[in-house]
Amino acid sequence: DTEVTQTPKHLVMGMTNKKSLKCEQHMGHRAMYWYKQKAKKPPELMFVYSYEKLSINESVPSRFSPECPNSSLLNLHLHALQPEDSALYLCASSQEGLAGSTDTQYFGPGTRLTVL
Amino acid sequence: KNQVEQSPQSLIILEGKNCTLQCNYTVSPFSNLRWYKQDTGRGPVSLTIMTFSENTKSNGRYTATLDADTKQSSLHITASQLSDSASYICVVSAMINTGFQKLVFGTGTRLLVSP
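Sequences listed follow chains D and X, in order. Going by the working numbering, the residue at position 69 of the first sequence is 70; the numbering climbs one at a time, nothing skipped. Going by the working numbering, the residue at position 110 of the second sequence is 146; the numbering climbs one at a time, nothing skipped.
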């Protein structure tokens, strides 16, 4: 099974709402990632978890809060978002993600988020 | 500054024809280079991955080349099919000081295969 699943597929929320995006993989990968992708732009890295610990935070605003409950799950909690946060949010996983490794990052299908 | 540039931005070819996409990068320290295919609204799918010492890597009708000296890569698609219509993204992995690798994404080439 080389699949990364993400729920929901689509999400529409108001600026005062609290919602969560979920990501799951069962490949035994120990590195998991959140990316944000705007239309016709490449994905931008937001967070990296390695062995369930937050390893990289690319200066993401605090209205985005990641959580890694276990090695298979990755959540992204959303609160007080702005309309400019509307984008495709991609989750990915890889074996380890350590420097020098060539393990492939497997991407999920993404959650299309619209903030009204 | 770590950057990955791709050309052309977009390309239209007839079904059955071949095409070559280009990637130039200024990423240091270099770890590896990957080509991904991304369908609209979907997550990217890995096609090839090459390390510093590899010059070419094939995956079916996709063949990637890497010249680490000139920091250039290409993706050649043979006998194109309608399903090849997608964005092709060149991604270079950089080693960062936390011990992890960070992917630097190119802006992609949007390929349209026309019947």
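Just so you know, the hints here were simulated from the structure itself, not pulled from any lab data. Each hint should be verified, as a subset may be incorrect.
[Said to hold, decoys possible] List of simulated lysine-lysine pairs, DSBU-like, C-alpha gap at most 35 Å:
#, chain 1, residue 1, chain 2, residue 2
1, X, 53, D, 20
2, D, 41, X, 107
3, X, 107, X, 53
4, D, 39, D, 19
5, D, 19, X, 107
6, D, 54, X, 53
[To be verified] Among chain D residues calculated to face chain X with C-beta under 10 Å, some are:
#, residue
7, 81
8, 84
9, 117
Every residue gets a Cβ at the ideal spot worked out from N, C-alpha and C, and that includes glycine.
Do the hints match the structure? See the list:
no.	hint	in the structure
1	53/X with 20/D	46 Å, violated
2	41/D with 107/X	24 Å, holds
3	107/X with 53/X	27 Å, holds
4	39/D with 19/D	21 Å, holds
5	19/D with 107/X	44 Å, violated
6	54/D with 53/X	47 Å, violated
7	81	26 Å, violated
8	84	19 Å, violated
9	117	20 Å, violated
When the structure is compared with the earlier hints, violations turn up for hints 1, 5, 6, 7, 8 and 9 and for no others.
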